[in-house]
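Can you build the whole structure from these sequences, using the hints too?
Protein chains in written order, with our numbering: chain S, 1 to 450; chain L, 1 to 450.
Simulated from the structure, these hints should not be mistaken for laboratory data.
It is possible that part of the hints are untrue.
Note: identical chains are not told apart, hence a pair may lie in one copy or across any two.
As the list claims (entries may be wrong) - Simulated pairs of lysine-lysine, DSS-like, Cα-Cα distance not exceeding 25 Å:
| id | residue 1 | residue 2 |
| --- | --- | --- |
| 1 | Lys234 | Lys204 |
| 2 | Lys6 | Lys313 |
| 3 | Lys432 | Lys50 |
| 4 | Lys441 | Lys42 |
What follows is each chain in one-letter form.
There are 2 protein chains.
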Amino acid sequence: MNNIIKNSSRLFIGEDIPTEYLSDVYVKDVKRPYAVALPTKKSEVVEIVKYANEHNKVIIARGASTGVAGSQIPIIGGEIIIDFSKMTKIINFDHETLTLTVEPGVLLQDIQKAVEGFGYFYPPDPGSKHSTIGGNIATNAGGMRAVKYGTTRDYVKAVEVVLPNGEVTILGSLNVKHSSGYDLTDLFVGSEGTLGLITEVKLKVIPMPQYSKSLILAFNDVVEATDIVLDILKNGYEPTALEMFEKDTIEYSEKLLNLKFQSQVGHAYILLTIDGNDEEAINNKFKKLEEQYKDQVLEIVFLNDEEEEIAWKLRDHILYALMELSVFEMLDEVVPINKFGEMIRYTKSLQEKHGIKVFNFGHAGDGNVHTILMKENYSDEEWAVKRKALLNDLYDEVYRLGGLASAEHGIGVMKKEYFLKLTDPIKVNLMKVIKNAIDPKNLFNPHKIF
Amino acid sequence: MNNIIKNSSRLFIGEDIPTEYLSDVYVKDVKRPYAVALPTKKSEVVEIVKYANEHNKVIIARGASTGVAGSQIPIIGGEIIIDFSKMTKIINFDHETLTLTVEPGVLLQDIQKAVEGFGYFYPPDPGSKHSTIGGNIATNAGGMRAVKYGTTRDYVKAVEVVLPNGEVTILGSLNVKHSSGYDLTDLFVGSEGTLGLITEVKLKVIPMPQYSKSLILAFNDVVEATDIVLDILKNGYEPTALEMFEKDTIEYSEKLLNLKFQSQVGHAYILLTIDGNDEEAINNKFKKLEEQYKDQVLEIVFLNDEEEEIAWKLRDHILYALMELSVFEMLDEVVPINKFGEMIRYTKSLQEKHGIKVFNFGHAGDGNVHTILMKENYSDEEWAVKRKALLNDLYDEVYRLGGLASAEHGIGVMKKEYFLKLTDPIKVNLMKVIKNAIDPKNLFNPHKIF
Chain S
1 MNNIIKNSSR
11 LFIGEDIPTE
21 YLSDVYVKDV
31 KRPYAVALPT
41 KKSEVVEIVK
51 YANEHNKVII
61 ARGASTGVAG
71 SQIPIIGGEI
81 IIDFSKMTKI
91 INFDHETLTL
101 TVEPGVLLQD
111 IQKAVEGFGY
121 FYPPDPGSKH
131 STIGGNIATN
141 AGGMRAVKYG
151 TTRDYVKAVE
161 VVLPNGEVTI
171 LGSLNVKHSS
181 GYDLTDLFVG
191 SEGTLGLITE
201 VKLKVIPMPQ
211 YSKSLILAFN
221 DVVEATDIVL
231 DILKNGYEPT
241 ALEMFEKDTI
251 EYSEKLLNLK
261 FQSQVGHAYI
271 LLTIDGNDEE
281 AINNKFKKLE
291 EQYKDQVLEI
301 VFLNDEEEEI
311 AWKLRDHILY
321 ALMELSVFEM
331 LDEVVPINKF
341 GEMIRYTKSL
351 QEKHGIKVFN
361 FGHAGDGNVH
371 TILMKENYSD
381 EEWAVKRKAL
391 LNDLYDEVYR
401 LGGLASAEHG
411 IGVMKKEYFL
421 KLTDPIKVNL
431 MKVIKNAIDP
441 KNLFNPHKIF
Chain L
1 MNNIIKNSSR
11 LFIGEDIPTE
21 YLSDVYVKDV
31 KRPYAVALPT
41 KKSEVVEIVK
51 YANEHNKVII
61 ARGASTGVAG
71 SQIPIIGGEI
81 IIDFSKMTKI
91 INFDHETLTL
101 TVEPGVLLQD
111 IQKAVEGFGY
121 FYPPDPGSKH
131 STIGGNIATN
141 AGGMRAVKYG
151 TTRDYVKAVE
161 VVLPNGEVTI
171 LGSLNVKHSS
181 GYDLTDLFVG
191 SEGTLGLITE
201 VKLKVIPMPQ
211 YSKSLILAFN
221 DVVEATDIVL
231 DILKNGYEPT
241 ALEMFEKDTI
251 EYSEKLLNLK
261 FQSQVGHAYI
271 LLTIDGNDEE
281 AINNKFKKLE
291 EQYKDQVLEI
301 VFLNDEEEEI
311 AWKLRDHILY
321 ALMELSVFEM
331 LDEVVPINKF
341 GEMIRYTKSL
351 QEKHGIKVFN
361 FGHAGDGNVH
371 TILMKENYSD
381 EEWAVKRKAL
391 LNDLYDEVYR
401 LGGLASAEHG
411 IGVMKKEYFL
421 KLTDPIKVNL
431 MKVIKNAIDP
441 KNLFNPHKIF
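Structure (structure tokens):
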């Protein structure tokens, strides 16, 4: 390893490994890795993989470590962590094919800024703006705008990957259509570092919509709010974002940011944005929406540009605020959009049954619920038992409704037990045989997902 | 086999196999299969696969046999062809999740009609409306509207598949987002029957756009026409379809249909459609487009509804007309959109070099060229030599420009040689190890693609 990375600030072995690599908010049983390497270029990544292969060392890819499923965490001991945070070059922007080429360690916020600087728009908008694009691809990160624009997957044109045997290839291309062999790009997107290490990414960007407007709908409770979501989606409003959250959650960010959300009535809200290039068309949709729903809501608040920014800042900070101000676990289950209301209702019913306070916020437009389980004053031991009992119930219901354990955070280690219990074993086995075919020595992030 | 399908009109063995299964327009060396089975339900498909497994028989899936890459053709001898043309049930339309569930043998035109009957829209629009949805999925079929709406892949929510070992599983779900293990759906879409047999499909549909308008731009030649394509795409017109064709090609459909195309000046045309729910917004785009390009074209013809239908009918029939009136080979290479003009120019340069008449029509909006090689009066022997020399040059250039051998028809056997020569062998090997992992006995459509 010392022959590959000679700079001692980029390679840590054994006892020298900084403590940040040795603990995790969610995974309690973090093991001590063999080494942490911070490569600056592809050739170093390749050499590390070849070294790992020769010495049968497990490799774990790590970006900004904002992952909440534990995929980037050592759970065996003796792993090599490849931390991509030094590979942060924005390599090229191609105006003709609207393609941004970057290294995997570039932060989402830097990608968004760079693209906007060129006059374009990168739609995926996960909550963690300081996550890396490599991490976003590993989990197929979603975010606020998925209801209209899709997830990270939809913006990955090509990835250069280092395979478990040290070979390098480029999956995907700049072509808009393809029917030339298997779609390997989509196989690697969302594979949580188990199939390959990304060393370069080509991202699709789109023209920036000229106008964007938001409004708030206020409701007595979260059940009333969810009842209206499906109706909005089916009526051609084409929302860019359709977020739903309980008053209990937004209060955390109000406290953290010292700002007031623009509606204070009721106990649940929908924050809805519509964008486009025709301002009048957006205004017409808002008028129609007001007409259609004014009798079913406590109030409708139309936001001006400044208010819109504040409302979205508050929404964006729910997670940070919870992290600052409480101890909790955040889930990211997803159900078909017509089951969203039923799912929300069920999560609330678990409060009493299990004695755990349950909040919800989420991307109502795409059926993705972020259920928050508040630890409050439970001891670690009590919490472990109660949490597990609740999760058993909750995931059973998710799958009964046709949903999945994870919409956008990945399975990692945190959801593996439930994923394995509730997924068709034939499908899990297909994943395993593919993993084994590409990584026969099981060196890339083993024991994650399945 | 006789125990599985007892109805003699749905099972043909040996000498009883109808001649339609024993020849192909494109693949000259068709071999005699062992049997042709026409199942009507999943359980029969499963039983046939189990039988094939036990007797080491190769299985080839066949839809309407409109494929032009030879994927559905027996090339070894002794295969079992599963013809899905009896599995044509439209099972269900779910208004809440906007999902149409069908069997794999349903024709594209029947899907479009059914969906429109429910008031919705299924955007993929390959030229062959009498192809089956199973075949569309096997090749990730594209068509006219891919520039705005994407390809078949983007509308497949879930597929029920029979695996090579006879197991059945459902890939995908009704969830809008997912980060719960590998994306197997996208792996199977476009895999040309080499990984699994589709027995049921859940398709995404969208609200029907209320308005659609088309215009024609006329040019001196195809090079002038292509020069303007990239500019249209970059200027926010969001075309639903952006087709380019030479006068030579549309003349074939004029002759077949006894109709006149609405522009007769110049030698190349762009047929452009814009759709949406705001009629004025479409009109404004057309006005802007006229203003921007009027000095660069011979004429602009705005089409009323009736004319629009005729123009598209003529465009749709280019291929049928060529088939009726000439002998030719159609390619479906794709290049990044900024290389489209260069590619078209290159195909024209091959005419003189190889003495083969070359026409082009294609989906200019997504870089997909349908290059037509006219056999004219060449003997089969002369043609074989000339064709091969031209294709060698042509595909070399396609890959040099960053393109791919197939945009929407698949590799099959027709393009396999060029695909294998020009694709990174590491990537081909990845495909092979995945194929081998899922189909270790190599029973599903072997020797196709790679």
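Which numbered hints are broken by the structure, listed smallest first?
-> Hint 2 is the one this structure does not satisfy, whereas the remaining hints hold.
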